[in-house]
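Number of protein chains: 2
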Amino acid sequence: MAAELTTHELIARHRPTLDQALEAIRTRAYWSPHPEHPKAYGENGSLDAGAGKAAFDAVLGTRLDLGQPGTDDWVGGEVSPYGVELGVTYPHADIDVLLPAMKAGQGAWRDAGAETRAVVCLEILKRISDRTHEFAHAVMHTSGQAFMMAFQAGGPHAQDRGLEAVAYAYVEQVRTPDTAEWTKPQGKRDPLVLTKHFTPVPRGIALLIGCNTFPTWNGYPGLFASLATGNAVLVKPHPRAVLPLALTVQAAREVLAEAGFDPNLVALAAERPDEGIAKTLATRPEIRIIDYTGSTSFGDWLEANARQAQVYTEKAGVNTVIVDSTADYKGMLSNLAFSLSLYSGQMCTTPQNLLIPRDGIATDQGHKSFDEVTADLARSVDALLGDDARANALLGAIVNPDVKARLEAAAALGEVALASREVANPDFPDAVVRTPVIVKLDGAKPDAEAAYMSECFGPVSFAVAVDSAAGAVELLRRTVREKGAMTVGAYTTDEEVERAVQEVCLDEAAQLSLNLTGGVYVNQTAAFSDFHGSGGNPAANAALCDGAFVANRFRVVEVRREA
Amino acid sequence: MAAELTTHELIARHRPTLDQALEAIRTRAYWSPHPEHPKAYGENGSLDAGAGKAAFDAVLGTRLDLGQPGTDDWVGGEVSPYGVELGVTYPHADIDVLLPAMKAGQGAWRDAGAETRAVVCLEILKRISDRTHEFAHAVMHTSGQAFMMAFQAGGPHAQDRGLEAVAYAYVEQVRTPDTAEWTKPQGKRDPLVLTKHFTPVPRGIALLIGCNTFPTWNGYPGLFASLATGNAVLVKPHPRAVLPLALTVQAAREVLAEAGFDPNLVALAAERPDEGIAKTLATRPEIRIIDYTGSTSFGDWLEANARQAQVYTEKAGVNTVIVDSTADYKGMLSNLAFSLSLYSGQMCTTPQNLLIPRDGIATDQGHKSFDEVTADLARSVDALLGDDARANALLGAIVNPDVKARLEAAAALGEVALASREVANPDFPDAVVRTPVIVKLDGAKPDAEAAYMSECFGPVSFAVAVDSAAGAVELLRRTVREKGAMTVGAYTTDEEVERAVQEVCLDEAAQLSLNLTGGVYVNQTAAFSDFHGSGGNPAANAALCDGAFVANRFRVVEVRREA
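Chains A and B supply the protein sequences, listed in that same order. Numbering-wise, the first sequence is residues 179 to 741 according to this note's numbering. Numbering-wise, the second sequence is residues 179 to 741 according to this note's numbering.
Calculated directly from the structure, the hints in this document are not laboratory data. None of these values were measured; they are calculated from a predicted model.
Identical copies go unnamed one by one, so any copy, or any two together, can satisfy a pair.
In silico DMTMM-like pairs for lysine to aspartate or glutamate, Cα to Cα no more than 20 Å straight-line:
1. K508 x E740
2. K582 x D566
3. K281 x E660
4. K623 x D645
5. K623 x E593
6. K508 x D368
My request is simple: use the sequences and hints to build the entire structure.
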């Protein structure tokens with residue numbers, strides 16, 4: 179078919195961005211081509227705030243026809259954590275029709291080569307970027323994130339992670355040259371001479387199993403890594419967060435078709451309530467790669483059962499912050515208060531266990547007892563969230579009833595240092611908005627261990643009294659080893675303690691933030707620079723993004739012949 | 179401890195070689211620092227033929243004490259396929275003592291960094307290279323390879339594959355810088371500034387499960403990839419091929435100690451007859467990486483059961499050569515005859531199924547019927563192996579009774595185009611030396627399929643009559659998809675057929691050699707240039723060597739703090 183977008187055009191448009199991304203993953207300095215500020219949108223084809231909102235409103239209550247083959251029904255039923263029924267329906271696929279259709283265009287996609295695939299992916303990301311305002315509403319009304327967070331984390335930050343994956347995928351594929359001349363001397367006889375051709379080939383169809391809380395941010399790395407390495411990608415969104423990924427699939431299909439490729443290289447697999455198609459899809463022989471973010475139990479199931487596929491999982495963990503000592507008590511408290519509050523603690527990177535010596539800590543404001551530290555932290559959270567408007571803007575809404583139930587049960591686990599309170603949302607009266615709870619536990623008591631050694635996903639954290647800094651370090655080691663962690667934080671002015679914490683993190687492969695007191699938080703990572711997870715502890719078997727995340731999504735086939 | 183070998187010295191000695199290896203894996207042009215000719219050894223500290231033989235003889239009948247902790251017994255019992263009892267005993271380990279001892283030195287090995295680890299590995303390879311003549315005898319008398327093959331494949335070629343793995347491991351680890359300054363603009367406010375440190379960390383202890391036929395060639399990639407990425411490596415050799423890997427462990431321990439590292443970073447796990455310790459070791463929590471070459475059943479078992487580890491397997495496959503047409507009939511026949519004969523077909527890369535149209539093929543010597551092709555090939559093998567001295571030098575010995583039994587049973591599977599014959603070995607009268615058998619099968623007959631669709635490891639190949647080139651291509655596709663293949667060969671002068679074969683190899687991820695008629699054979703691959711296996715079909719889940727082979731043997735831990 180005649181392409182509206184030629185490869186030449188796409189390379190001219192996107193190669194400079196790709197090159198900058200390649201440079202960024204080498205230096206890991208700050209870089210992003212995707213503006214974080216809502217007002218940066220509205221020119222050069224991007225939707226401004228009003229147009230984005232209008233686009234979102236226009237899709238509500240409609241059938242989102244993606245033009246996919248094998249559609250046998252229309253399904254939907256998302257209800258926003260803010261109380262709005264989205265009313266959008268999506269294609270439900272007969273997978274025996276859809277999967278073969280997805281394979282049909284793979285040969286041409288493979289033959290296009292790594293650079294063309296990369297720039298097609300960058301064009302998809304550009305279309306998504308242009309619709310950032312629209313996506314922000316879609317992410318907000320599926321994840322429950324407050325608008326600004328949905329805008330940034332669901333928009334530019336997610337797009338950054340997608341672009342980062344494309345850059346890693348590209349560089350990995352071009353490590354091996356397309357051709358080589360191989361001449362082996364044979365003493366006095368003629369040398370042996372071979373011509374060799376090397377082609378990166380896809381594994382097959384990749385399956386992306388999306389999550390409820392960060393459908394785009396957690397979805398884009400796998401989606402773009404698989405697509406850029408030549409695989410078709412089937413997107414199975416979380417039933418409560420279909421729209422952001424459906425719009426993504428829409429943009430991808432649009433660009434693929436315009437660039438002369440088969441749009442079925444990217445398709446959506448929405449499901450009926452309680453259909454549970456992830457298990458069926460994950461074990462289909464056509465599915466050779468799976469990316470998953472969600473519960474440990476299903477992640478473990480995938481790793482054990484989807485044996486025909488490469489499986490990349492991000493599961494649960496127990497994130498720890500050691501509070502040993504600080505030279506900036508106020509900065510520490512406000513930094514921690516923000517980390518605990520952002521998106522009501524519904525991030526896989528939110529700290530859960532704050533390990534604090536029961537004898538208290540040294541600070542620039544003198545010695546602070548365990549109770550003083552917890553009380554001061556509670557006050558910091560209160561101060562941060564005292565204003566309802568600001569509280570709503572930071573907390574967002576509770577994403578589902580399970581989180582609410584866990585929050586309500588948490589108060590019974592120990593002495594409450596900070597009680598959760600309801601916050602009214604004037605714009606969305608049905609939204610469930612809650613401030614975080616902080617519960618004090620005694621680390622020496624066996625019955626407390628059941629609480630702090632399990633992930634309690636949501637706005638719940640435990641101030642755990644430990645005997646000493648050394649005890650904190652040992653508990654950190656055991657927690658990461660047994661439960662995994664996406665993040666570790668530590669506050670200490672003691673070089674010995676700092677060294678011990680680092681040693682644990684190196685031994686147990688956990689990502690460490692030290693003494694953050696300013697505007698960077700332990701639960702945030704930046705694409706091109708920070709790794710999200712390590713892939714080396716039970717919380718996740720892969721990191722975003724590194725060579726290992728992309729290198730096994732394709733294989734290299736060599737064809738050699740005598741020259 | 180004071181190191182006899184300083185890092186500085188090792189870098190000066192080996193960095194140029196490392197750089198050349200890095201360049202070779204980028205260009206994939208011919209390169210090797212390890213001479214193939216036996217006469218190249220004897221200077222600069224390397225053993226010449228006589229000294230190598232003497233060193234081998236000196237170890238026979240001795241206890242090879244590696245100085246390992248936790249040795250609770252001495253075990254051995256290797257009998258050479260050439261009939262010689264080696265009489266060497268090796269340490270048997272109490273793994274509850276050995277494994278913790280192997281972990282003790284990991285912190286220092288990790289902290290040494292990627293470059294130091296690489297040059298230490300290169301020093302180990304240098305010591306092994308110096309002992310190539312000694313290793314040649316050890317490989318010969320465990321694998322049954324003829325001396326020259328044991329010398330080359332077990333010596334320089336194996337060392338090349340080890341070095342290649344070190345190069346890949348090094349480059350993978352230095353993709354991320356040691357440190358980064360990250361400065362994020364904040365409009366009119368001060369920028370956010372972080373200092374980030376990145377450290378490659380090992381997964382834990384790696385387990386190498388060695389094979390009988392190529393203990394060093396198949397063992398070195400995993401061993402050196404794991405060691406170079408910071409892991410300790412436990413080497414569990416095949417009970418019939420302990421010596422080459424025991425000598426390897428000896429060399430590694432020597433160099434590690436001299437360089438100031440804990441020698442227990444590399445250790446041997448020899449076993450009692452029928453002890454079957456591989457299963458026990460493979461599922462120990464300390465074991466986080468496994469490299470395995472051997473049967474499909476145990477490879478599948480490892481993949482299914484060693485869930486705590488990254489598992490790299492090379493298993494069985496069914497290698498196919500399509501014989502469609504040729505412009506060099508004589509060259510094709512002699513090339514194929516050599517491929518079928520080398521090491522009595524006991525290579526994972528030896529062709530098994532020769533797919534030949536039942537109506538014959540076009541050649542530069544006119545049309546040849548199916549029967550003519552098979553008869554001419556039989557004659558070529560006969561001519562190649564007619565002289566007993568040359569036959570012994572090419573065939574080596576049958577490695578074990580199972581191979582002999584399969585060979586003897588093969589003649590009953592169909593019409594014999596070339597019968598196997600016994601060859602006497604004047605030097606080793608007890609050696610079992612056999613020429614290959616070629617059996618004709620009708621690809622259209624369902625009862626023939628059971629034979630040609632299973633791996634028949636050893637000097638057995640099937641001339642399978644197919645209806646057409648298209649039929650051959652389809653059978654190739656089915657064979658690779660269902661049974662896997664380490665190699666595919668094809669002879670054709672028809673562009674359409676060539677394209678179709680290539681398409682199958684790209685679709686099913688198989689490595690293809692086209693129209694080889696000279697001194698390169700389908701069953702041989704060269705390090706730094708050819709991939710061994712693809713990792714994308716059932717014969718192996720990894721390729722030697724690529725980014726995917728090394729990228730997940732370590733993780734990167736980030737420590738970030740405000741600048």
